[in-house]
Amino acid sequence: MAQRQAQVPSPPELRAKARRPMVPVFRAVLWATIGFVVINAMAAWLDPSPNSPYLPAVGAVAGWFGGLIGWLLGIGGYEHVIRPMFGHPAPVSHSTGWRQYFDFSTNHKVIGTQYLIFSTATFFWAGLIAMAMRFQLMSWRPTIFQYPQNYLNAVGIHGTLMMFTVATVAMIGGLGNYMVPLMIGARETVFPKASGLSIWLVPIGVMTVTMSPLLGNWTTGWRGYEPLAASDGNGMLFYYLGVFALTTSSLIVSLNLTTTIIFKRTKGMTWNRLPIFVWGILTVSLLNIIWLPEIQAAFIISLLDKLIPFNFFNALGQPLGYAELFWLFGHPEVYIVVVPALAMWNELLPVFTRKSLFARPMAVLGLVFVMMLSGMVWAHHMFTNMRFSEMLPFSFFTEMISIPTGFAYLAAIGTLWKSRLRLTTPALLVLMSMFNFLIGGLTGLFLADVPANLQLHDTFFVVGHFHYTIIGGMVFSWMAAMYYWLPKFTGRTYSEFWGKLGAIWVFITFNLTFSNFFILGLRGMNRWVSSYPHYLMSENFWTSIYAFLLGAGFLLNLVHILWAWNAGPKVKENPWEAKTLEWHTSSPPPAKNFDVLPEVVGSFYVYGDQVPEPVAAASQIGGRAPSV
Amino acid sequence: MGIQNGNDDPAYVLRGVRTGFGVFLASQTVVFITIIAVRFLMAYGSVGPYSQALGAVITVLMVASALVARTSRQAVKNGDLSAMAGRLVVALALGAAAFLLVLLEWVALRQSGIAMTTPTLEVYFTLTGFWLLYALIGGFLLIAARARGLRVGYTAASHWDLEAATYFWTFVALAWIAVYLVLYVL
Chain A
1 MAQRQAQVPS
11 PPELRAKARR
21 PMVPVFRAVL
31 WATIGFVVIN
41 AMAAWLDPSP
51 NSPYLPAVGA
61 VAGWFGGLIG
71 WLLGIGGYEH
81 VIRPMFGHPA
91 PVSHSTGWRQ
101 YFDFSTNHKV
111 IGTQYLIFST
121 ATFFWAGLIA
131 MAMRFQLMSW
141 RPTIFQYPQN
151 YLNAVGIHGT
161 LMMFTVATVA
171 MIGGLGNYMV
181 PLMIGARETV
191 FPKASGLSIW
201 LVPIGVMTVT
211 MSPLLGNWTT
221 GWRGYEPLAA
231 SDGNGMLFYY
241 LGVFALTTSS
251 LIVSLNLTTT
261 IIFKRTKGMT
271 WNRLPIFVWG
281 ILTVSLLNII
291 WLPEIQAAFI
301 ISLLDKLIPF
311 NFFNALGQPL
321 GYAELFWLFG
331 HPEVYIVVVP
341 ALAMWNELLP
351 VFTRKSLFAR
361 PMAVLGLVFV
371 MMLSGMVWAH
381 HMFTNMRFSE
391 MLPFSFFTEM
401 ISIPTGFAYL
411 AAIGTLWKSR
421 LRLTTPALLV
431 LMSMFNFLIG
441 GLTGLFLADV
451 PANLQLHDTF
461 FVVGHFHYTI
471 IGGMVFSWMA
481 AMYYWLPKFT
491 GRTYSEFWGK
501 LGAIWVFITF
511 NLTFSNFFIL
521 GLRGMNRWVS
531 SYPHYLMSEN
541 FWTSIYAFLL
551 GAGFLLNLVH
561 ILWAWNAGPK
571 VKENPWEAKT
581 LEWHTSSPPP
591 AKNFDVLPEV
601 VGSFYVYGDQ
611 VPEPVAAASQ
621 IGGRAPSV
Chain B
1 MGIQNGNDDP
11 AYVLRGVRTG
21 FGVFLASQTV
31 VFITIIAVRF
41 LMAYGSVGPY
51 SQALGAVITV
61 LMVASALVAR
71 TSRQAVKNGD
81 LSAMAGRLVV
91 ALALGAAAFL
101 LVLLEWVALR
111 QSGIAMTTPT
121 LEVYFTLTGF
131 WLLYALIGGF
141 LLIAARARGL
151 RVGYTAASHW
161 DLEAATYFWT
171 FVALAWIAVY
181 LVLYVL
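From first to last, the protein sequence lines stand for chains A and B. Residue numbering for the first sequence follows my numbering, starting at 1 and increasing by one per position. Residue numbering for the second sequence follows my numbering, starting at 1 and increasing by one per position.
The shape of chain A in the complex, shown without the other chains (with noise of 0.2 Å):
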């Protein structure tokens, strides 16, 4: 009997078994399917519209915050979060496996491999429609886009996500939250529940902009342009929260990385031995902390532009206030996307050179002062709307800031002058970028420059310029970053033949694709148009092509990682035999990242025979016992 008592489960237990099948995300889709439901049925009754009797614009709005709140809480946010705030206790998540990835959790390398699986997947997505824009320009006809709209609005959700979900995360999010405690040597980071939170806005807003067109289309692009929104259809207002959704998780981790870079550096790690990645990731936080809420505010008052309706930016208020409120953040997000790029290169290239880093300190300053010009040089993506007198002081500052970012160039340059350079697929990927990026940044001069860019303005050039910088630049390094943190991750390898392979073809796909950019529009080839002038058709069928067989190379390097990551060859430690610190650890990394936390004796860029190790050995610290 008393063995029987024993083998029937307490209350609790119970409890807790019957709810172990419901995965979180399963819950949060319950919820905020629930809060977008009740909140959009209320708003439809306290406000009806005769058009839309089911879905009006106001309900929508309002059942899209009441779908937000039902989904932050169902992920977990009302044990973890609300409830603590009540003084309750927070319960202790035990998720692991693949279960921990659709949970809230506050393990920063969970919530980093959370950011890159959502950049990855959403890449690919934007990147399929990338294909059927393509698609539709290999004829200068209308072909699978039957009306401009639909292709406009193709157009305006691939940008949007490539942007918000894959340029400005998957180097910050998804790396900066994966490495930056480990290559500082904490043990978490300073907001760990926030940030838990933070990464699950980033699917709602993907399926936000993803299901904007129910609503009607939307043929601004990813800028939202004004007065073109105020005659769109209501996806324009899924456009602004989508976005809105995708910044604040945005705004969260440049918060927490910021602070955490401030007060969880372990000892000896002072400024001057920071990692060039960490200083990349601390800039771009900043630029995030100081622009995200900017364009947050500009996107919420033009959200009230078509809600109320107001008349802030449409044709009867200021249009052009919104485009300059726009590039005022446009511009430092370009910036936001490259300068984690740049740093990679300064991170990767002294290990794989064996070289110490040439001129380290300018090299991090270049990366400060771009942080600091960026907000100066907004107006050149508007030479075509301002006073002749209005467009020397931008243009000039558009030149000077490649002054900065020729410092951290010229840093990867000057450490690679007489190096012996072992050719692995992560250096491979970063010559690449160094490659792409410089061709971005020369065709960045010309569009500086005024009588250029009014020529240039709205053509393929500037599409083949940006695309060159932001895939060429930031999608190249994230790749050499993936490969050369996938012993990390994993505690696996890839194979050099499939890695180099397919860094070789995307490498050639993209400059057979988007150089052929730079003549489309030099030859007149307009951005915004569906269909164009015939004698176009040649050269945009190839470039499709190239396109498809671009895309096809991404997918290729995205299954060898996958296969790497699940069944590679097991790796030794620190294969690359790199001096940072989340090297100093065991691969993948336990749970409180280090058993003894590191000290920092030296600086980690500086290679020789005679050079001492930057970090002193365990014995040398008293073997501290974790305190966890």
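Quick caveat, the hints were computed from the structure, so don't treat them as lab data. There may be inaccurate statements among the hints.
Derived contacts from chain B toward chain A, CB cut-off under 8 Å, selection only [to be verified]:
id: 1; residue: Thr-19
id: 2; residue: Ser-27
id: 3; residue: Val-31
id: 4; residue: Val-38
id: 5; residue: Thr-117
id: 6; residue: Ala-147
id: 7; residue: Val-152
Residues of chain A clear of chain B, computed beta-carbon distances all greater than 12 Å [stated by the list, open to error]:
id: 8; residue: Val-38
id: 9; residue: Thr-120
id: 10; residue: Ile-129
id: 11; residue: Met-382
id: 12; residue: Ile-504
id: 13; residue: Ala-578
Using N, Cα and C, we set each Cβ at its ideal position, and we do this for glycine too.
With chain A fixed as given, assemble chain B onto it according to the hints.
Same frame as chain A, but now just chain B:
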């Protein structure tokens, strides 16, 4: 800036959290700066037909509310949780009065027959609407901080939740002062 060494000293950890929260509040000033910039872009220096007296009363209420909320921290340092709870209720009541008076001004403006799309009114509704949203969040934080204090018991050394709520509430009060100056005075 201090560098940690596996530093689990609560005071050091709190310093990091406090700084992060301060950076967050600083970032939120950008929201108000942006809307204030739009206000001057749209309505230049025009002052709308809203009640100057009501604006002044709301300002006084919010200043008083923020000051009372701050004294709740002192109560915790003195070990007097019931005083903390009482002062938070007073702060909330003053804040709620300010909140309702802003809504009253909204109703009065709607009833005045002036088109909502007049630039000065668009700016008024937007700027005060943003403020109402922040005030709502601030009020929620004060309620949560009070409930937590009564349930788990704050100590002089450990009352970060109350601190954060009152910092946020002070931010809300300062934001109103900025809104008042921009809309009613300048």
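Status of each hint after checking the structure:
1. Thr-19: 6 Å, holds
2. Ser-27: 5 Å, holds
3. Val-31: 5 Å, holds
4. Val-38: For Val-38 of chain B, the interface hint holds, since the closest Cβ of chain A sits about 6 Å away, which is under 8 Å.
5. Thr-117: With a minimum Cβ separation of about 5 Å from chain A (threshold 8 Å), the hint on Thr-117 of chain B holds.
6. Ala-147: Nearest chain A Cβ about 5 Å off; hint holds.
7. Val-152: 5 Å, holds
8. Val-38: Holds, since 19 Å exceeds 12 Å.
9. Thr-120: The assertion about Thr-120 of chain A holds, with a minimum of 28 Å to chain B.
10. Ile-129: Per Cβ check, Ile-129 of chain A is outside 12 Å of chain B; nearest 31 Å; holds.
11. Met-382: Given that every Cβ of chain B is farther than 12 Å from that of Met-382 of chain A, nearest at about 15 Å, it holds.
12. Ile-504: About 43 Å separates Ile-504 of chain A from the closest Cβ of chain B, which puts it past 12 Å; holds.
13. Ala-578: 22 Å, holds
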